[in-house]
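Order-wise, the sequence lines are chains F and Y. For what it's worth, this note's numbering labels the leading residue of the first sequence as 1, then goes sequentially. For what it's worth, this note's numbering labels the leading residue of the second sequence as 156, then goes sequentially.
It is possible that some hints are incorrect.
Claimed, not checked - With a cut-off of at most 25 Å between alpha-carbon atoms, the simulated DMTMM-like pairs for lysine to aspartate or glutamate come out as follows:
hint, chain 1, residue 1, chain 2, residue 2
1, Y, Lys-297, F, Asp-12
2, Y, Lys-334, F, Asp-11
3, Y, Lys-327, F, Asp-83
4, Y, Lys-334, F, Asp-14
5, Y, Lys-297, Y, Asp-309
6, Y, Lys-334, F, Asp-12
7, Y, Lys-297, F, Asp-11
8, Y, Lys-327, F, Asp-11
9, Y, Lys-334, F, Glu-114
10, Y, Lys-327, F, Glu-114
11, Y, Lys-327, F, Asp-12
12, Y, Lys-297, F, Glu-8
13, Y, Lys-297, F, Asp-14
None of these hints come from the bench; they were simulated from the model. Since this is a predicted model, take the numbers as computed values, not measurements.
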Amino acid sequence: MKPQETPEPRDDVDRLFARLHAVAPPPDLAARVMRALPGPAPLAPTRVVAPSPAPRRRWGWVTAGAGIILLLMSMRLGTLLGDSGALDVLGQIVANFGDFLGAPGDYLAPLASELPWLDLTVAVAALVTFWLSSSATVGGDAQRWAAKPPSNTTH
Amino acid sequence: MAHLSDQALLRRIQRGDREAIAYLIERYQRSLYNFALRFLGDGDAAADVVQHTFIQLFTHADELHGDMGLRPWLFRVARYRCLDELRRDRTVPFSQMSAADETDGPSPLEQVVDVAPLPEALAERGDLQAILAEAIAALPVKYREVVTLRYVADLSFAEIGQVLGLPEATAKTHFHRAKPLLRAFLRARGITQAVP
Numbered sequence: 001m002k003p004q005e006t007p008e009p010r011d012d013v014d015r016l017f018a019r020l021h022a023v024a025p026p027p028d029l030a031a032r033v034m035r036a037l038p039g040p041a042p043l044a045p046t047r048v049v050a051p052s053p054a055p056r057r058r059w060g061w062v063t064a065g066a067g068i069i070l071l072l073m074s075m076r077l078g079t080l081l082g083d084s085g086a087l088d089v090l091g092q093i094v095a096n097f098g099d100f101l102g103a104p105g106d107y108l109a110p111l112a113s114e115l116p117w118l119d120l121t122v123a124v125a126a127l128v129t130f131w132l133s134s135s136a137t138v139g140g141d142a143q144r145w146a147a148k149p150p151s152n153t154t155h
Numbered sequence: 156m157a158h159l160s161d162q163a164l165l166r167r168i169q170r171g172d173r174e175a176i177a178y179l180i181e182r183y184q185r186s187l188y189n190f191a192l193r194f195l196g197d198g199d200a201a202a203d204v205v206q207h208t209f210i211q212l213f214t215h216a217d218e219l220h221g222d223m224g225l226r227p228w229l230f231r232v233a234r235y236r237c238l239d240e241l242r243r244d245r246t247v248p249f250s251q252m253s254a255a256d257e258t259d260g261p262s263p264l265e266q267v268v269d270v271a272p273l274p275e276a277l278a279e280r281g282d283l284q285a286i287l288a289e290a291i292a293a294l295p296v297k298y299r300e301v302v303t304l305r306y307v308a309d310l311s312f313a314e315i316g317q318v319l320g321l322p323e324a325t326a327k328t329h330f331h332r333a334k335p336l337l338r339a340f341l342r343a344r345g346i347t348q349a350v351p
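The shape of chain Y in the complex, shown without the other chains:
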């Protein structure tokens, strides 16, 4: 059954086949877990998000239709759960979580950050993984989610748009506005040598 497509497995789930969901769990748990982990910065909370996402899939499988692929649907559910987790922890002001209005233009933070490219050579550092995770975690939520979906979950901009309920172009705009923030963070943390 492992060779079956998402849609074929979904049809089996809609018929109540628990074995089919086991295969989807194996197929997506890693990317969902990493998405939630980078979004929330907490492994236990990320595991809870994954669990919640698959329970939602199992209980709402009948509501899934062809207008959205399974993968964006899973990440959409996971993203909502992550936002709930953030609200519960009160680590982020609620107002910061609302979707950005594209007519607002760049935020003041974006206007002051250094947008120059990092130096040609970026360091191979032992703590690089931690710094990259911190850079994502330091982003405002609306940018963090698009960066995480792109860099961690490896979604296309079209899929990211589906996950976030935004046009593809808007998802891409969010992503490109996040980059100067990431670059500035990394520069501030002393990433100064090369990425080949």
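Looking at chain F on its own, in the form it has when it is part of the complex:
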């Protein structure tokens, strides 16, 4: 911090040199200095700044869409599994788990025949999309945010 001192009256030379413009240093000077520092390679410099809103918004929409599809498919799958008898098979597997371990084919074959595979595939795809897009929105962006160096300041 600059020490306080009694201001002196400005004369003609002071006023003239107050007009002397500061010259911007070379844009790569900070990076050059960081590279020249001894020791291990510098970490990415370094301020966490707000990400550009466009990628976040795009991933947000994907996450929302996948979430809606996942919700709808979950409801539909519940209905289909109940109607097709697959839930009954699953209930029997749970209730007779020892038998299931002894002869899994006796249970899995009817289960496989009863499962609504197309709907299940769509639901799994929606789940994967939801997981990836939400990760990109939260975690993936955080990595990109960290790379921007501090902006110039004037003194």
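Once you have looked at the hints, place chain Y on chain F.
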């Protein structure tokens, strides 16, 4: 981290935090660069001075203590590097670089220059920036450094004294002895109209 004080960032540097020095570079590179640029008149050399200064900060951070603020310390290192550059280029006689003895009194040059104020109105000229830079560059080194620290780096006289290793009053004396030289140079270059 940008909001941290110089001292807080310095403590982080002393613990080996490279990120902290990035913030100090951003905070001081502009003023250091301009100081060296006006002192040396060479942009590449000025950039080298800035680089050297921050390397010195990083490697000697443990030696910095509370008796001198970080800002004067940085400019002191930059000033030494500038003097080294001038010696290397042999553009200035070595004897001219030594600190002035205050008992010597004004130099012969100071005794002959015109000390009258510039006319009320000083020109708004397109080449004003170049002329101001030339006026600084034309000063003897002992005056150039104090004028540059004052006008370019905007240091207080107390800080300038710390940078130069001089009492504050002596720094102020150097500055005021430089002014007639600047005034005479500007007058000779035809600066004749007003500064509001």
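Original post:
Against which earlier hints does the structure fall short, listed by number upward?
Top reply: The structure breaks hints 3, 9, 10; every other hint is satisfied.
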